[in-house]
Amino acid sequence: MRREAIFNTALWLGLLAYPVWAWLGDEPYQITLATRVAILALAGVGLNIALGLGGLVSLGHAMFFGIGGYAAGILASHAQSYTPLYDGAFTIEGTQNMLVIWLVAVVAAGLVALVTGALSLRTSGVYFIMITLAFGQMFYYFTISWPAYGGEDGLSIYVRNWFPGLNTLDPLTFFLICFSILSLALLLSWRIAGSAFGLALNAARQNEDRVRAVGIEPYRLRLVAFVISGAITGLAGALYADLNRFVSPTMFSWQLSGEIMVFVILGGVARLFGPVAGAALFILLEEVLGGVSDYWHIWLGVLLLIVVLFARGGLIGLIAGQGTGQATGQRKRAGGADD
Amino acid sequence: MSLLRLDQISAFYGPSQALFDVSLKLEKGEVLALMGRNGMGKTTTIKVICRMLKHRSGTLAFEGQDMARWPSFRAARAGIGLCPEGRRCFRNLTVHENLVAAMRPGDWTLERVGDLFPRLQERRDQGAESLSGGEQQMLAIGRALLTNPRLLILDEATEGLAPVIRQEIWAAIARLKGESGLTILVVDKTLKELAPIADRAVILERGRSVWQGRFDALDAATRDRYLGV
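Chains C and X are the protein sequences, given in the same order. So the first sequence is numbered by the working numbering: it starts at 5 and just counts up by one. So the second sequence is numbered by the working numbering: it starts at 21 and just counts up by one.
Honestly, I wouldn't trust all of these hints.
[Stated by the list, open to error] Chain C is faced by these chain X residues, among others (derived, beta-carbon under 7 Å): (1) Ser92; (2) Val120; (3) Thr167; (4) Pro183; (5) Gly198; (6) Leu247.
It is worth saying that the hints were derived from the structure and are not from the lab. For clarity, every value in this text was computed on a predicted model and none was experimentally measured. Glycine included, C-beta positions come from ideal geometry on N, C-alpha and C.
When you get a sec, could you build the whole thing from the sequences and use the hints?
Here it is, written out as structure tokens:
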């Protein structure tokens, strides 16, 4: 636990220091890389609540990421063209205010998670994976064939959305916004893992009947976890749209769901900072190996194999050991063997 | 009104019938011993009460409410706290986490459980799987108590444990009865240890409730007939 706390602190400080160093050296591209790490880590923190804590292998999290992205893209596009989003009995205008966009992204992703979760959580195992995948693909094909918002070509956000009192066009400021949200999400995730809710969720992954025997219905626990998880990933999608100033159906693609899962596994499933370590490693590999060869995913695959076969605690497990993780007691993760 | 009442309950495992018209009732504040040899239906009866197994006919009620359609978590919410047979802790959590995960507001708090089982206090941050069998049993009882039940069910609470640990657990159960007046349904085979705490007894024989009455009215002939080995 101690080693993990030290490593987590170092990782947190490192992620904060890197763009500041890049800013001093006038390297805006490096700041953008760090921002990508923060945003992808945020998406991973969301997935980790479902996957790590709840044992829910969701291959549909790109759905929430995409919904967040499109919430930002659609609201901004209406604000840019001065056309109302809805003009009937009352009028809904578009907006470029990040606070409003985030709220819409979180609520929309949360609601979709509630509906898709309510249906898919009635299944488990491979069926759950397939149903979440199917929901994700439904959104993917829907956005492709939705001409109002660019269809396959996606939507551009010409000027990055604004945040009251801050200059979001400045890369370092935007990084700090993303980093702050990531930090808050990590705090939330930590509080959840140590709460009675999180512990019961963790216990339900191991044995549902025992959890029922103490008066808790696993289905409800998982649904709540799935909604929180989807909402956080949705928020990451909204930030990602602002980082790229562009949204497209690829945000909904199942490859992206897979990538989020890959770096959560690389970093350490159910470890608080697993998604952060994984996202950093993922971007690092993409930069380093991607510069050497276009086929760097092969090496990512090899690394993933090694982690899954030999280092099941991921990067954090490797560095901080397999000890009882903070408050989550991650001894037997990923399904955990029963008695 | 009885706290718990079973009338003519029959239950099946697939095609084979495990309970035949089992009837019993439990009054508030009493300790009832559910007895019988192995395989006579004690644990099956518990499973029906906790709604882990659906009964096929008969009625059962908790505080006058019909439980027939309750799912298992509802029974626990209503106040039936089960300490199941065997070592059924959440093995991937620590002692403290096991207790917190199950906790519901009420008279029973972490401090009270710690006071009842000081060993749990000492091993607070240890993983549940690293505990000895006796400690796991204490944890299972503590966890059941923290759900703040109105009826505590102890299924073979001391089976397979060392004599010293057994004594410790029975002493704790006696304290529960004495101090909190908790209603307890205790399943066990050992007369000697049940004697100081049990008010009444129900004996099951081949899935039927064949004898019930005051515990001290259990005579030698009945004991030999239904409980002797």
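So, going through the hints one by one against the coordinates:
1. Ser92: 4 Å, holds
2. Val120: 5 Å, holds
3. Thr167: Holds, about 5 Å.
4. Pro183: Not OK, violated: X/Pro183 not within 7 Å of chain C, min 25 Å.
5. Gly198: Violated, about 25 Å.
6. Leu247: 28 Å, violated
Of the numbered hints listed earlier, those contradicted by the structure are 4, 5 and 6.
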